[in-house]
Amino acid sequence: MSEEVFTLKQPEKDERLLEQLSALTRHHRERSPEYDRILLASGQAQDSYASVYDLPWLPVRMFKNHHLKSIPDDEIVKVLTSSGTTGDVSRIYLDRDAAAAQTRMLSRTLQTVLGPKRLPMLIVDSRGVVADRRSFSARGAGMLGLMNFGRDHVWVLDENGEPDVEVLKQFLAKHGDQPFLIFGFTFMVWLYLYEAARDAGLDLSNGILIHSGGWKKLIDRAVDNAEFRRRLAEDIGLTKIHNFYGMVEQIGTIYLEGPDGGGLYCPDFADVIIRDPETWEVAPIGTPGLIEVTSTLPTSYPGHVLLTEDLGVVHGVDDGAWPGKRFSVLGRLPRAEARGCSDTFTGGDR
Amino acid sequence: MKIEVRFPAGPQAEIDDVIAGVTAEPEGGRLVPGDPRVVDFLTALARRLLAPSIARRHPELGSLGFFLRKTEIRKTLEHLRREGDDALVFPRGLVFHVPPANVDTIFVYSWALSALAGNPNIIRISSRAAGAALTILETLNECLADAHPAIGQTQRMITYGHQDEVTAALSAACDLRVIWGGDRTVRDIRRHPLAPHARDVTFPDRSSYAAISLAGWQATDAEGRKRAAEGLVNDVYWFDQAACSSPMAIYLVGDAGQAPAVKEELLSLVAQGARAQGFAVDAAMAVEKRVSTYGLAAEGRATALDLADNTVTGVTLTSPDAVPHDWLGAGVFPFTTVGSLAEIAPLITRKDQTFSHFGFTRDELIAFAHQLGGRGVDRIVPFGQALNFAGVWDGYDLIREFGRLVTVTA
Numbered sequence: 001m002s003e004e005v006f007t008l009k010q011p012e013k014d015e016r017l018l019e020q021l022s023a024l025t026r027h028h029r030e031r032s033p034e035y036d037r038i039l040l041a042s043g044q045a046q047d048s049y050a051s052v053y054d055l056p057w058l059p060v061r062m063f064k065n066h067h068l069k070s071i072p073d074d075e076i077v078k079v080l081t082s083s084g085t086t087g088d089v090s091r092i093y094l095d096r097d098a099a100a101a102q103t104r105m106l107s108r109t110l111q112t113v114l115g116p117k118r119l120p121m122l123i124v125d126s127r128g129v130v131a132d133r134r135s136f137s138a139r140g141a142g143m144l145g146l147m148n149f150g151r152d153h154v155w156v157l158d159e160n161g162e163p164d165v166e167v168l169k170q171f172l173a174k175h176g177d178q179p180f181l182i183f184g185f186t187f188m189v190w191l192y193l194y195e196a197a198r199d200a201g202l203d204l205s206n207g208i209l210i211h212s213g214g215w216k217k218l219i220d221r222a223v224d225n226a227e228f229r230r231r232l233a234e235d236i237g238l239t240k241i242h243n244f245y246g247m248v249e250q251i252g253t254i255y256l257e258g259p260d261g262g263g264l265y266c267p268d269f270a271d272v273i274i275r276d277p278e279t280w281e282v283a284p285i286g287t288p289g290l291i292e293v294t295s296t297l298p299t300s301y302p303g304h305v306l307l308t309e310d311l312g313v314v315h316g317v318d319d320g321a322w323p324g325k326r327f328s329v330l331g332r333l334p335r336a337e338a339r340g341c342s343d344t345f346t347g348g349d350r
Numbered sequence: 351m352k353i354e355v356r357f358p359a360g361p362q363a364e365i366d367d368v369i370a371g372v373t374a375e376p377e378g379g380r381l382v383p384g385d386p387r388v389v390d391f392l393t394a395l396a397r398r399l400l401a402p403s404i405a406r407r408h409p410e411l412g413s414l415g416f417f418l419r420k421t422e423i424r425k426t427l428e429h430l431r432r433e434g435d436d437a438l439v440f441p442r443g444l445v446f447h448v449p450p451a452n453v454d455t456i457f458v459y460s461w462a463l464s465a466l467a468g469n470p471n472i473i474r475i476s477s478r479a480a481g482a483a484l485t486i487l488e489t490l491n492e493c494l495a496d497a498h499p500a501i502g503q504t505q506r507m508i509t510y511g512h513q514d515e516v517t518a519a520l521s522a523a524c525d526l527r528v529i530w531g532g533d534r535t536v537r538d539i540r541r542h543p544l545a546p547h548a549r550d551v552t553f554p555d556r557s558s559y560a561a562i563s564l565a566g567w568q569a570t571d572a573e574g575r576k577r578a579a580e581g582l583v584n585d586v587y588w589f590d591q592a593a594c595s596s597p598m599a600i601y602l603v604g605d606a607g608q609a610p611a612v613k614e615e616l617l618s619l620v621a622q623g624a625r626a627q628g629f630a631v632d633a634a635m636a637v638e639k640r641v642s643t644y645g646l647a648a649e650g651r652a653t654a655l656d657l658a659d660n661t662v663t664g665v666t667l668t669s670p671d672a673v674p675h676d677w678l679g680a681g682v683f684p685f686t687t688v689g690s691l692a693e694i695a696p697l698i699t700r701k702d703q704t705f706s707h708f709g710f711t712r713d714e715l716i717a718f719a720h721q722l723g724g725r726g727v728d729r730i731v732p733f734g735q736a737l738n739f740a741g742v743w744d745g746y747d748l749i750r751e752f753g754r755l756v757t758v759t760a
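Sequences listed follow chains A and B, in order.
Its first residue numbered 1, the first sequence is counted upward by one per residue in the numbering used here.
Its first residue numbered 351, the second sequence is counted upward by one per residue in the numbering used here.
A hint or two may mislead.
If we take Cβ atoms under 10 angstroms as the criterion, some of the chain A residues that face chain B in the derived model are [stated by the list, open to error]:
id: 1; residue: Gln10
id: 2; residue: Glu12
id: 3; residue: Pro33
id: 4; residue: Arg61
id: 5; residue: Lys64
id: 6; residue: Arg104
id: 7; residue: Trp215
id: 8; residue: Leu218
id: 9; residue: Glu309
id: 10; residue: Leu333
id: 11; residue: Pro334
Worth flagging that the hints you see were computed from the coordinates, not collected in a lab.
Built from N, CA and C at the ideal position, the CB exists for glycine as well.
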């Protein structure tokens, strides 16, 4: 059996996903009364669908306000939580199978660009982010997940959050002549790794960078994905760069930037659908809308078809470095706020 | 403790100086209830707010202008003077107002009534004040040029940030503290002690509902139904259905068999009305409504969701017990059916404020108020008037709260 996960052209993928996701919809309806009630109330009486585009989606924020799961309590082996910007926490329940599947599929996805062996790993963060396991952030949790894909981990930042150029030099002296893995959040890679390496004249040409986290903090520096890739290649020799997009509510599924930088690609077991938030119809190629994510991995909670609050655009289908849809994430939908009477911002405006 | 002075617009000031300034005797002597200097100022303000250029931009300032017209002020003052009572009315003293950040006009109502009663006032304006609030501040400052100097001397609108000391100083100095903005704000401000003789007027979190008589609806012609829906559109969509007076759910009262047809017709009229008045919800709000209404379904509180149009979200609740008490987003219409108003009374709590109605007789509504017997609901108003501010609010007769009584027995 092939381990490759970027293989399916769109027509074949649509066909497979329709069958698998329809089955998952039935599976979750039978096991999650909450999910079934949502579908019934929204007029989804049927249990078969003509197209993947017809499958009912749940807003991703449902997992912050409700305990949605399709497994009995005694089969829960892991509860994943993510803190959002508003302080609500998503709760994602995994049983043994779901937990194993997410690790396996994440691994296969990353092996596409990392190869089968664990590589020496440079982490653009400070050790503190995962030090206290009771209190670590979503950032720390993401970090721990990715650390399994590397060895001989070295943290680029010291305890004060400053880049430690000596540590960087030592790492390169030891591992710099063979492939190595670099992981970090996009803005930290730019602020701490790129600038420090450039100023010290370091060569990172054997590095494979995996990064995520969005461009919001880099916008005022006029850095977008193209500029990021260009400068990293020109100034520090880093050309193997893969941005990725993913969320705890679809743990194990990541959308990975192709080697050409032409967009994010969907692994065979997952896909994105861009929806017009006015009509909820599928947006044409090139037209931005809300990102719906589908994945066959969520078997223990009804998270197989989710509407995110991220805006994105599909650039093309079956026309890039890897098959399937090629897309970008454009930013986040602002959270709707009540402008009610219950709001004086006491004790100073927050 | 420097604070920003928004009215009369001026340089930063020390809070102690501001307090000393407004409580000192102004030119022409201390203000009295119905003081002509205040009345002149408010009527000049009303004229400016009612000018087409402003009313077009901010329709809510039109309502405010109306409230401050000379005839309205006269009625308010007659009410304050308690004709026929033995008591004499005097100003209460320094009043400190903490209005909500997001309902732009409340601070003017709160302040104007207190000024009419003759009080010096300090109003805390949010630093996030925008839109209509800024227009009002601008207009207030413009009016000052022709106003008696006593107005500028006794009235202040200020902005300050994370400075508990300022709130503490104002709380200690004032004779009456008016706290809008809900439970959290009331609790937060109450950490600061008042002088022993002083007290609070508080406006905690409230929720509001609407009711339609199914028989009354049937008896209304097409034009009347359309107007009712337009009124409901106003009540719901202004302030994104998040004001304390915005109806959060609709009781259909009468023969349950008629309910589905009335609901469908109403929602379709509401959709037309919302479109005609230019109300629409953005993508973020559309998602918000999906999250909240899917939540009702997940919890078994809703059996059907009508999501065809982002602007109007219909919800069929499982029972009257499932009526929501939390904000669900702008343009959510949860329906439940009951046989009579009397069946609603036991569901009403102290927190409930406004009850908007359509199709009932006056006698039915008065009987309902008696059935409630004060357990909740402060206002019973027709569709379209839920958000109209009135001098009696949340059970307080505001202008009288702002006065102090002195009895003279000869």
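Quick rundown of the hints versus the structure:
no.	hint	in the structure
1	Gln10	26 angstroms, violated
2	Glu12	31 angstroms, violated
3	Pro33	8 angstroms, holds
4	Arg61	5 angstroms, holds
5	Lys64	9 angstroms, holds
6	Arg104	30 angstroms, violated
7	Trp215	20 angstroms, violated
8	Leu218	23 angstroms, violated
9	Glu309	6 angstroms, holds
10	Leu333	5 angstroms, holds
11	Pro334	5 angstroms, holds
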